[in-house]
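Asker: The primary structure of each chain is shown beneath.
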Amino acid sequence: MKINFTLNNKSVKTDIIPGQTLLKYLRKNKIYSVKYGCDNGECGSCTVLINGKAQNSCLMLMHTVNNCKIETIESFSDHKKMHPLQKSFLDEGAVQCGYCTPGMILSSEALLREKKNPDEDEIKDALAGNLCRCTAYVKPIKAVQK
Amino acid sequence: MWSSIREIIIPTSFEKAIDNKIEKNSVFFGGGTYLVSAKDKNINNLIDINNLIDDSIELSDNKIIIGSKATIQQLVDKSITKLSEVAIFSNFSKNIRNQRTIGGEIAQKNVRSDLFTYLVALNPQLQIRNPKKKIISMLEWNDNGIIEKIIFNKMDIDSSGFERFSLLQSAPAFLMVAVVRKGLELEIAVSGKVEKIFGHTMQLDDFNKNTLKKIINDSVKYFDYDHFGSIEYKKSLIATGIQRAVGQI
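Heads up: the protein sequence lines correspond to chains B and W, in order. Going by my numbering, the first sequence opens with residue 58, and the numbers climb by one from there. Going by my numbering, the second sequence opens with residue 2, and the numbers climb by one from there.
Hints may be right or wrong, so weigh each one.
[Said to hold, decoys possible] Chain W stretches covered by chain B per the calculated footprint, using a threshold of three residues with CB under 8 Å from any CB of chain B: (1) 4-13; (2) 43-52; (3) 87-95; (4) 156-170.
Keep in mind that the hints were calculated from the coordinates and are not lab data. Virtual Cβ for every residue (Gly too), placed ideally from N, Cα, C.
Let the sequences and hints guide you as you build the complete structure.
Answerer: And the structure:
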């Protein structure tokens, strides 16, 4: 089966293997910001933006992303200038081991595209699917508020 | 990777989808969160029905008609009073809410789901395609056919209550109670860390101390003594849950 999609603003046409998840595809194609965590939708470390909405790529089969716009954190920065969310996560010390950070930033970005000034409850709701085992959640919330 | 999948079929009509389902080891595939998470090795063919169903949400004065492809987050965004509130409880992860559909929630019959427990008490009507169009109540549905629409009476949602008990607010509930008043009847559903949802219909006039005690005793049989608490403790939670849920009506 052949599908088309946009990955980080580039058009992709590819043959897919039935049953292959988006997470597996992305990592195979060197998109390493998308992390392999629980593989059943509980940790959010594989979060990507699909048509602007944060979703878990481990639960997404490749055939379902046909004609979708996929964004990962690789599209946020050119390695010269950081994305404002990357900078505020760094400034607030919201990063420790970094495994959950790309997912958290993508979930935050999806929220900020929906609402410019979300309140604390809305931030907590947006980040509820992204588990962190190091810094906990106070600092990421502050980073998004910034 | 769901390695047992051999073929993905994208049918162009309900007739073709139903025909494809006859093939062994095939399942209908919508949002897919439950299926991909479980990765059942006995499943070889996915029949993707996303082109056949829609995600519309139509609100009128007395009905709410929801396309089975509507995501749980769409229900939350629409602010359909209690239905939206329970939809958040059932999936605290917004990422999952963006993927999981209401049709999938009904088809999977997950007894640990807040939303499914609430739907058992509400018992909405389902528009099923098998492949002909048929409208039946959710509790009558025997897994045959494809859920196309879910039809709610707005008054049922407005006359409902829901209570959940969990160790943390965002943790799965180990006990939950849904109550819906439908005219002169009261529908009660009790679920949680159980194998099966307890459902009970009674006349509103019959709701008193004795019938409440009977419901508590009947429903607590579905629970085990476990780290969430003793049977006596769960009895007291069911009593509190029912009273609070009735109080919300």
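Asker: Now, for every hint given, state plainly whether the structure supports it.
Answerer: Hints, verified against the model:
{"no.": "1", "hint": "4-13", "verdict": "holds (count 7)"}
{"no.": "2", "hint": "43-52", "verdict": "holds (count 3)"}
{"no.": "3", "hint": "87-95", "verdict": "holds (count 4)"}
{"no.": "4", "hint": "156-170", "verdict": "violated (count 0)"}
This entry does not satisfy hint 4, going by the numbered hints stated previously; all others are met.
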